[in-house]
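> Here is how the chains run, residue by residue.
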Amino acid sequence: MSEEVIKKPKYVEDPNSAKSKLNKITSDHYSNLWMAKEKGEMIGWCASNFPQEIFETLGLTVCYPENQAAAIAARGAGEKMCLISEGDGYSNDICAYARVSLAYAKIKDAPEQNMPQPDYLLCCNNICNTMIKWYENLSVELNIPLVLIDIPFNPDYNPSKAEVEYVKNQFLEAIKQLEKITGKTWSDEKFKEVMEISNRTSRAWLKATNFTKNTPSPLNGFDLLNHMAVAVCARGKIEAAEAFELLAEEYEKAVQEGTSTFRAEEKHRLMFEGIACWPHLRVTATELKSRGINMVATIYADAFGFIYDDLDGLIEAYCNVPNAMNLEHARDKRVAIAKNTKAEALLVHTNRSCKLWSGFMYEMSRQIGEACEIPVASFDGDQADPRNFSEAQYATRVQALTEIMESNKGGK
Amino acid sequence: MTKVNELLEQFHKVAVSPEEQLKSYLSQGRKVVACVPVYTPEELIHSMNLVPFGAWGAEIEVREAKKYFPAFICSILQTTLEMGITGKYDGISAIVIPSLCDSLKCLGENWKYGVPNIPFIPMTYPQNRNNDNGRAFTKAGYLRVIDDLEKITGKKFSEAELAKSNKVYNLHNQAMRRLSDVLVEYPWISASQRNDIFKSAYYMTKEEHTTLVNQLMDLLLEMPKETSNMKKIITTGIIADSRDLLTIIGENDMQIVGDDIAHESRQYRTDVNESKDALEGLADKFSRMDNCSVLYDVDKKRGDYIAEMAKRTGADGVVVVMTKFCDPEEFDYPIMKKKFDAAGIPSVLIEVDMQMNNYEQARTALQTFKDMLN
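In the order they appear, the protein sequences are chains A and Z.
The numbering used here puts the first sequence at residues 1 to 412.
The numbering used here puts the second sequence at residues 1 to 374.
Hints may be right or wrong, so weigh each one.
Non-contacting residues of chain A with respect to chain Z, defined by C-beta distances greater than 10 Å in every case (computed) [stated by the list, open to error]:
no.: 1; residue: Thr26
no.: 2; residue: Asn114
no.: 3; residue: Lys213
no.: 4; residue: Ile238
Derived Cβ-Cβ restraints for the label pairs, each shown as a range [as the list claims (entries may be wrong)]:
no.: 5; chain 1: Z; residue 1: Lys301; chain 2: A; residue 2: Glu239; range: 40 to 48 Å
no.: 6; chain 1: A; residue 1: Glu403; chain 2: Z; residue 2: Glu61; range: 29 to 37 Å
no.: 7; chain 1: A; residue 1: Leu311; chain 2: Z; residue 2: Asp147; range: 44 to 52 Å
no.: 8; chain 1: Z; residue 1: Glu360; chain 2: A; residue 2: Ile307; range: 55 to 63 Å
no.: 9; chain 1: Z; residue 1: Asp147; chain 2: A; residue 2: Glu257; range: 51 to 59 Å
no.: 10; chain 1: Z; residue 1: Glu360; chain 2: A; residue 2: Asn143; range: 55 to 63 Å
no.: 11; chain 1: Z; residue 1: Glu61; chain 2: A; residue 2: Ser17; range: 52 to 60 Å
no.: 12; chain 1: Z; residue 1: Glu61; chain 2: A; residue 2: Lys80; range: 31 to 39 Å
no.: 13; chain 1: Z; residue 1: Asp181; chain 2: A; residue 2: Ile307; range: 29 to 37 Å
no.: 14; chain 1: A; residue 1: Asn158; chain 2: Z; residue 2: Leu26; range: 30 to 38 Å
no.: 15; chain 1: Z; residue 1: Arg288; chain 2: A; residue 2: Tyr157; range: 26 to 34 Å
Don't read these hints as lab results, they were simulated from the structure.
Computed from a prediction, not measured in an experiment: that's the story for all the values here.
Cβ coordinates follow ideal geometry from the N, Cα and C atoms, glycine included.
Using the sequences provided together with the hints, build the complete structure.
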């Protein structure tokens, strides 16, 4: 008598779901790049926070070394790529995204996430000055032109008029440089259209991410780390606006129905600070989930939500990205997010790759903890180099936070 | 010779005991403003009758600063913050911190909370600097520094005084450039003594320093030039003032014949064009600065610049003095190394920080390098 084998039904993703549409935008992003390359179009490599309105208006095809490095690291090849750069004389102190990217520029193949080689580079340092050094080196190694929009770190609460003027003039100059490099032409009408779509996408993205304020949250906060790729690479595209609008609708429905993509009982609500620890994403997520901790707050949501009315507003938005802000402004933004989402603890990723993000985080996280009356713990990790993370240390820190959150609840 | 030694001793005393200089200025009733690297506009401070005082860290243990900085921030900034927190800068009116690298941005933010008794004045420079837009932004940054200095110290700024200070600094630049060349002919002046001359400039007014440097050069030029069998080297990096390292350079019969050290000659390469309005002139000066890891350079000419310097000075090799955790320098290194190799210039990388108490690795590397040069 043969034994009957009961197979689990294969999971089929609903092609009309927001997740499916967002995943398609990401996969189309890469396939479109290859098609463009094959057609002989020029390809740009672009910093994640370079004003995308410029190249969307010009109709240029660009891709993002930061996204690529994160994907390569998440798929297990961060160390392999870092070692290639280190072999070429790059210190292991240098940002691991940069080490992965410089290695890719050299060997031109990473099955974990390939993308076409660039014909020009678009750099913006509103997230860090490391971008400048990384792109300078790419430009020299690949012998291709580099366009830099310099957006300095702002030591005051808001950007000064002088800064907005300085950045605006560079924005206009970058358009001229790109017209010359690519032969494409600027259209004010198209620019207006791109600005409208970008605002629509940003509004939808911010609306969707804001659903984490509900208890329980209709989403696992780690979902945002995946969707963020679309907020980076397709903000100016109508498909992205529509997919995020659909995502927000789904979350709204989930709130009404009491469902969530967080597949556990939401016992605790956490704010996560810093770039994801991509090489150990599963471990970092599972450790939280197994304790019923959902990540409901992160500055990431704000990082790619650009809302503005006109060119000056656009420039100010790019001057006001989280890593270009002074401590007080950065703190207040986070305090508002933590309070809005009712976060019960702050877990800080002291990211070995990111001096700017980690360099004044001790003081800022102390202030956030005090303002929100929540416990704070940090762990050592890295956005792409797996060697800088200890699972045991992470577990211990998460455990400590859990105990305090439990104790706080018991005391209430 | 006695007089030369006296002058060298004078530079040495100032270089190794900046706290004495600070006390002295404060006791004279002078107001002092700390200047953090890399390109703080000292001319502005000087023109307002304030004493610019270098803050490049020190070889001290870091304890308190660890509450603010993670371990992977360079020791220059860790120890600068440590000195602030532990009261070593007490009496100073303000600190100017330019944000030319990511760690410098963090120093400013941490300073506000770690050292609340010494006001932080930010200086924001443009990277796209060599055009009218960049110069206008530099000028706006300087106006902000002036405004803060006026509020904090009660002193007043004037273009006329700045024009005088620009001249004082130009004369000092010229003296320091000449000094580097003159010292090539006097190899018995050690790497440590050379560093004393450069380092002391941060703790004296530029008028005083220029006078002493010119006196030294006049005396030296009266003496016969010497040749030696020492190996001639160029140093490059952010700072190379470690006594241990400089002693090892000397022990290995190496003479520094030129440098691309931010703490040394990088400060003195560019003069203010005195035919321009004073503040415009100062902004124009920054716009023309180059060949430095914290200044954007799409062509990355720094390696060629050093190779050319090596050629001009007859250097046998380049010693890259890498400040640990300085990523701008770490990014430049592989590109520079290629340029050195292409030009047939031997080079060696020595990693240093201000907490190092064991220089054996550096010693071995330099001994091997010397053997290679032989």
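> Between Asp181 of chain Z and Ile307 of chain A, is the Cβ distance one that fits in 29 to 37 Å?
Given range 29 to 37 Å: violated, Cβ gap about 57 Å.
> Lys213 of chain A: least C-beta distance to chain Z exceeds 10 Å?
holds (28 Å)
> Taking the CB of Asn158 of chain A and the CB of Leu26 of chain Z, does the distance hold inside 30 to 38 Å?
Hint holds: Cβ distance 36 Å, inside 30 to 38 Å.
> Starting from the hint 52 to 60 Å, judge whether the C-beta atoms of Glu61 of chain Z and Ser17 of chain A obey it.
holds (57 Å)
> Any Cβ of chain Z at or closer than 10 Å to Asn114 of chain A, or is the non-interface label fine?
Check passes; 24 Å lies beyond 10 Å.
> Should the label of Ile238 of chain A as a non-interface residue stand, given a Cβ cut-off of 10 Å to chain Z?
holds (33 Å)
> May I ask you to test the hint 29 to 37 Å on the CB atoms belonging to Glu403 of chain A and Glu61 of chain Z?
Since the Cβ atoms of Glu403 of chain A and Glu61 of chain Z sit about 34 Å apart, the hinted range of 29 to 37 Å holds.
> Is 26 to 34 Å respected by the C-beta to C-beta distance linking Arg288 of chain Z and Tyr157 of chain A?
For Tyr157 of chain A against Arg288 of chain Z, whose Cβ atoms are near 32 Å apart, the range 26 to 34 Å holds.
> For the range 55 to 63 Å, tell me whether the beta carbons of Glu360 of chain Z and Asn143 of chain A fit it or not.
violated (41 Å)
> Taking the CB of Glu61 of chain Z and the CB of Lys80 of chain A, does the distance hold inside 31 to 39 Å?
holds (38 Å)
> Regarding Asp147 of chain Z and Glu257 of chain A, is the given constraint of 51 to 59 Å on their beta-carbon distance met?
holds (57 Å)
> Within 40 to 48 Å or not, the Cβ separation of Lys301 of chain Z and Glu239 of chain A?
Given about 43 Å between the Cβ atoms, the range holds.
In terms of the numbered hints stated before, the structure departs from hints 7, 10, 13, listed from lowest to highest.
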